[in-house]
Amino acid sequence: MGYTLHFGVVWASFDRLLSGLALGLGLGLAAVAIGAVIGLAAGFASVGPSPFWRRAAGLYVTVFRNLPILVIVLVVYFGLPQWGIRLDKVESFVASLAVYAGAYLTEVFRAGLLAVPKGVIEAGRAIGLTRLQTNAYVVAPIMVRNALPALGTTFISLFKDSSIAAVIAIPELTFEARKINVESFRVIETWTVVSLLYVSTCLSIAALLRALERRFPKF
Amino acid sequence: MDYFLHELWISRFALAEGFLRTIEISALSITLGTLAGLLIGIALTYGRLPLRLVSRAYVDIIRGTPVLVLVLACFYMPSVFRVSLEALTAGVLALTLFCAAHMAEILRGALAAIPPGQTEAARSIGLTFPKILAYVLLPQALRAILPTWINTGAELVKASTLVSIIGVGELLLKTQEIVGRNFLTLDFYLVAGLLYLIVNYSIERLGKTIERRVTQP
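So the protein sequences, as listed, match chains P and L.
Under my numbering, the first sequence is numbered contiguously, ending at residue 256.
Under my numbering, the second sequence is numbered contiguously, ending at residue 223.
Rather than coming from a laboratory, the hints here were simulated on the basis of the structure.
Among the clues, some could well be false.
[Unchecked claim] Simulated pairs of lysine-lysine, DSS-like, Cα-Cα distance not exceeding 30 Å:
(1) K137/L <-> K255/P
(2) K255/P <-> K155/P
(3) K255/P <-> K126/P
(4) K214/L <-> K155/P
[To be verified] On the chain P side, residues computed to face chain L include the following (Cβ under 10 Å):
(5) R102
(6) F115
(7) L117
(8) Q119
(9) W120
(10) R123
(11) Q170
(12) I193
(13) K197
(14) D198
(15) A214
(16) N218
(17) S221
(18) V224
(19) L240
[As the list claims (entries may be wrong)] Among chain P residues calculated to face chain L with C-beta under 8 Å, some are:
(20) Y40
(21) V112
(22) S200
Computed from a prediction, not measured in an experiment: that's the story for all the values here.
C-beta: ideal position from N, C-alpha, C; glycine also.
Required output: the full structure, derived from the provided sequences and hints.
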């Protein structure tokens, strides 16, 4: 078993790991932002009056929640060019992650919408707001606050899913780690450090979100 | 279209083999992961402080690490200690670790939700702790986590695609091999996607049905 740990190689390329981590966070953030827009639209549609849009939203959620993210990434990056849709690596990954996130966020926002008390909506209508105004100024703020914890969980899991970008050679944390492994064969050290980086980032985001939730008390 | 159907027919055995491998990997890791997860979950809730800390660290580290990193780590790390794991073993190991951490956390939540009065009542009629666990706590907790547990199955089927990266010939890797031969990229990825969709949708429906049955009024 004469193996001595030697973290020097990892520290020497630590800045690469950190820039990979930042890229991963950026990918997750971009995906959650676009996904939230999709999720808001589909969430409102899924509780809306039109049966067609309700069905469409339901279908979207079922399909994208049940597909492995890796399959979505490969379809978008390698498959779509066949239909003339060419995206570069980062664009295609963000797009894949965003539609995947959108499906989860639709459910999140749907639950948040259903939890908005009816009386509040009626009150909004009673003071003369239009349907759209009620949704925008009354329902949405309460719903977003209701959805905040689940939104945060989704962001954390998207940040972890950003590791899959390594498969299409986007230089995020996992990709950099594999490169360091190939250069140095220090697998134990690298994976330990990388794993701890992921864990500590996830825990920090979770702590940040808890603080945010305390800052905005629940309706 | 004819060309696609022809190619699909040629590759039917490869797809079937990959599909079965995917099911095998998922079933194995959910079985092992659930067993381990239940033990860790009990340790997490009722263990003595050192045990609780160790299991908490395990759960947080595994849940905070992406599955892809787990898969790669399980594949590459043992070789340093002259233990060579086959890709399949490493993949199942990674997914088992992942599943166990999730199960432990889910079980902890369910156990914590049982009112403490029940444990007190059980103790006052003279049950020992293992008996309380077996006859009072676990039956209720397991019933409560059943729907979530089934959804974990779908998560594992999705996560099993990641072992294609270390070269396990499951559905996605088989699909990639087929695509490499005939260049029908979109078509065959969509076929694979459809298969995953069917499996996971069935699991989801099953979960919903069972949820309706076990939900206590």
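Problem - Residue hint Q119/P, partner chain L, criterion CB-CB below 10 Å - result: This hint holds: Q119/P lies near chain L, its Cβ roughly 4 Å from the closest one there, short of 10 Å.
Exercise for the section: Tell me if R123/P is really an interface residue toward chain L, meaning its C-beta lies closer than 10 Å to one of theirs. Expected result: Result: violated, 13 Å to nearest chain L Cβ.
Handout entry: Status of the hint placing Q170/P at chain L (closest C-beta pair under 10 Å)
Key = This hint is violated: Q170/P lies away from chain L, its Cβ roughly 36 Å from the closest one there, beyond 10 Å.
Handout entry: Straight-line alpha-carbon gap K255/P to K126/P, limit 30 Å
Key = Violated, because 39 Å separates the two Cα atoms, which is more than 30 Å.
Exercise for the section: Answer holds if the nearest beta-carbon of chain L is closer than 10 Å to that of S221/P; otherwise answer violated. Expected result: violated, 12 Å
Exercise for the section: With chain L as the partner, please determine if F115/P meets the hint condition of a C-beta pair closer than 10 Å. Expected result: With a minimum Cβ separation of about 5 Å from chain L (threshold 10 Å), the hint on F115/P holds.
Handout entry: Agreement of K255/P and K155/P with the hint, judged by alpha carbon distance not exceeding 30 Å
Key = Distance of about 16 Å is within 30 Å: holds.
Problem - Hinted contact A214/P with chain L - closest CB pair below 10 Å - result: Holds. Min distance 8 Å.
Practice task
Double-check W120/P for me: the hint is only fine if its C-beta lies closer than 10 Å to a C-beta in chain L.
Solution key: Interface hint status for W120/P: holds (7 Å vs cutoff 10 Å).
Handout entry: Proposed interface contact between I193/P and chain L, which counts if any beta carbon pair is under 10 Å
Key = Given a least distance of 8 Å, the restraint on I193/P holds.
Practice task
Quickly compare the C-alpha distance for K137/L and K255/P to 30 Å and report which way the hint goes.
Solution key: violated, 40 Å
Practice task
Let me know if the C-beta of N218/P comes in closer than 10 Å to any C-beta of chain L, holds or violated.
Solution key: holds, 7 Å
Of the numbered hints stated above, those contradicted by the structure are hints 1, 3, 10, 11, 17, listed in ascending order.
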